[in-house]
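Visitor: Two chains, two separate frames, one set of hints: put the complex together.
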Amino acid sequence: MGAPRSYQTQAIIIKQTKLGEVDKILTIYTPEFGKLKAVAKGVCRPGSKLGGNVELLTHSLLMLARGRNLDIVTQSQTIDGFLVLKSDLWRMACGLYVLELIDSFTLENSGNHPLFDLLLDTLQRLCQGDDSETVLRYFELHLLDYLGYRPQLHRCVGCNSPIKPVVNFFSSSQGGILCSHCGQKEPDSRPLSVGALKILRLWQSFDYATARRVKVRSELRSELEQVMPGYIKYLLQREVKSIAWLRELRKESIVDNNCGRN
Amino acid sequence: MVTTAEPVTKLVEAFNKLPGIGPKSAQRLTYYLLSRPGEEAKALAEAILALKEKTRLCSVCFYITDCDPCRICQDRERDHSKICVVERPSDIPPLERTGKYNGVYHVLHGPISPAQGIGPGELKAKEFLSRLQDGSVTEVILATNPNLEGETTAMYLRRMILPLGIRITRLARGLPFGADLEYADDMTLSQALEDRQEF
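These protein sequences, in sequence, are chains A and B. Under this note's numbering, the first residue of the first sequence is numbered 25, with each subsequent residue one higher. Under this note's numbering, the first residue of the second sequence is numbered 22, with each subsequent residue one higher.
Next up, chain B with everything else stripped away, as it sits in the complex (with noise of 0.2 angstroms):
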């Protein structure tokens, strides 16, 4: 016998696909919005919907945007001289947030990934190359993640930009503010000490 109401059951159906919500979680969500007034409820719901409809990928670099090209693209106040290349849109704010970037972005949606037999065709990968044909890029700083799965991405965008004269960074690798040393892997370490600065 079916007991809950079927709205109520749809909703934590739907809940329960998101990623680490569990039936319970799922539930509890459910059962929080049934009991906030109806404007809360359509509010996430507009915006749910609009995440779909109202977002698209910026047609020069590829971060998730409202309006094409992107509001990074089109602030004539950043330094277009200097891409930064990410895997994931969600690298884009933490590195923001530093406020010591005033360049502009490319994500490649994902790292190459030869166990998951992705390459560089299934990534953004010839759309940024072809960025850098004009000559007024000067800096091309590699953010890929500090993996072996960035480090491949890194490894093989540095190869394809090499001929190309442009100046390649990568983002500095090191001990973590609160770590401890004597738990710091030997990749991490040896790349400290080489990369250690003056004090």
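Chain A extracted, bound-state conformation (with noise of 0.2 angstroms):
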């Protein structure tokens, strides 16, 4: 017996691209399946059933049904709207980059349970008001992980050497930590202070109500800001789109008071 014509799941609404004059395509991300496209009908015009339910940054239970090439919505029902997220500019910025890093880095087809977890969670701590900068390094860090990315924070990438408490480098190229020693012979890897790499640590190995507890000095959030993006950058081999409007909102300092910045 073949597949059944018609199936459900959920789903986080990842990215749209317009198809011809009403209809759009779907990228969305499945705990059971992965990353998928699916065609959204009708769905630009203002008394579509589908309409906000297929809005980006939407988590949703979708009928799909199996098309020739792509799988077509056919009833979508909202679970969670994330309404808190879209009625602030900087979380809403925020969801984007964490939605864009989710379809860089993923496969068509591969499903990945634990990854679709921390996606939804992510978006519900967006939501919740947490320190928005710990949610999108929490957010890095393990995403990296559940794909095979994990960066080396204990050991000297170069000499496997233990780190000692001291400025050390990290290298996006060998994906990890370099000694002082080590660090100065690379040219492509940036300083790392004691205090943001002990902070990776402690973000890369503990769960996230322990992660949240920890209070960033300002200092530490500008250095953190730049490694792992600097890393994510080197992986996709190119920037992350949606990372200049994060800059941009920061320049204008259009970013919420929780994350301890002025």
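Hints in this document: simulated from the structure, not taken from any laboratory. It cannot be assumed that every hint is accurate.
[As the list claims (entries may be wrong)] 25 angstroms max Cα-Cα, derived DMTMM-like pairs, lysine to aspartate or glutamate: (1) A:LYS73 with B:ASP112; (2) B:LYS45 with A:GLU45; (3) A:LYS257 with A:ASP104; (4) A:LYS42 with B:GLU148; (5) B:LYS147 with B:ASP112.
Guide: Right under this line is the structure:
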């Protein structure tokens, strides 16, 4: 017996592309099938029944019918619209950054339950008003972890010696920490303070409940903002597009009050 | 062996490049034009040429126009203290058709789209903010699309306009005429409830 003609799945809408006048191709992230592309017909019409249920940054329950090339969304119901997130410019920008990372790093049809849970939890944390920089860095570290790019933070990736509590280096090309000796020989590595390394280790090894309790000083924040996106840029071999928007908002001081900035 | 006349092939190829027109439709359009009188084809060709040669963007509102400033910006009967901000030139005709708005417009030429790397610098946002500096504007209507990109754009502009003390309004969101309550999404429904009106 072949696969059933239609199936139901939870999904987070991570991307939309216009298709013709009123249709859209949705890129969705599901727990069972990973990333999928599906057509939402007539979704640009004001009276569309799919409408807001398939808007970006929405956790929905979808019914999909198998199509020849792409599956077609036939029914939809919102589970969580993340309305708090959508009413705040900074948090929405954070959410879009998270979606772009998921879209960039994942392949179609490869289910990853923990990654789906991480994505869902991250969007919920942004809604709850948690410190957005902690939420983003925690997400980045664990996303890389689930995909096999976990940075080595405990031993030197050059000489395998234990890391001493001095200023060390982070090498994107070697995927981890270089000791102060090896780091000086690697021109592409960037210095990493003891404090920043400790926080990265803690975020990498502990659960979110512990990670969120750590108060990060503002100078360490700026350091961490550079390290992780730098590593991600190296892995993708391109800049994440939505990071430019986050930087623009930071420049205009449009960041929320909970993230410890002025 | 090439059997079709070159002008026919050329026009089929040209039509095929247009959005939503496949090879069959392109062929049908070409043969239709071939069957029509010469004047009709000439009028179409002239209209296409004039589209590129005689239109430009209005230097005030950035709407597509054949005279600068555009007819809307020149109209003294209109209320120039109200500016309605839209994403695209094609958003203005439907608003005009309602006959309910007598102010002027500003076309941003797109929404802020972080996923595509489009920020306010790529839009006509700076030009819009400079229009507000002389103090003659009393109300800004943010008519960007009610989707994530439109919301981002509206929220960003609101941040920028707020210090100027100008009244900022947003087009109401709610249930469209002919819709089914059962199928409405949470965001629309909650907005419709919040903005409910006396009846």
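Visitor: Does each hint hold? Answer for all of them.
Guide: Status of each hint after checking the structure:
1. A:LYS73 with B:ASP112: 23 angstroms, holds
2. B:LYS45 with A:GLU45: 19 angstroms, holds
3. A:LYS257 with A:ASP104: The hint is violated at about 30 angstroms.
4. A:LYS42 with B:GLU148: 28 angstroms, violated
5. B:LYS147 with B:ASP112: The given pair, whose Cα atoms are some 20 angstroms apart, holds under the 25 angstroms limit.
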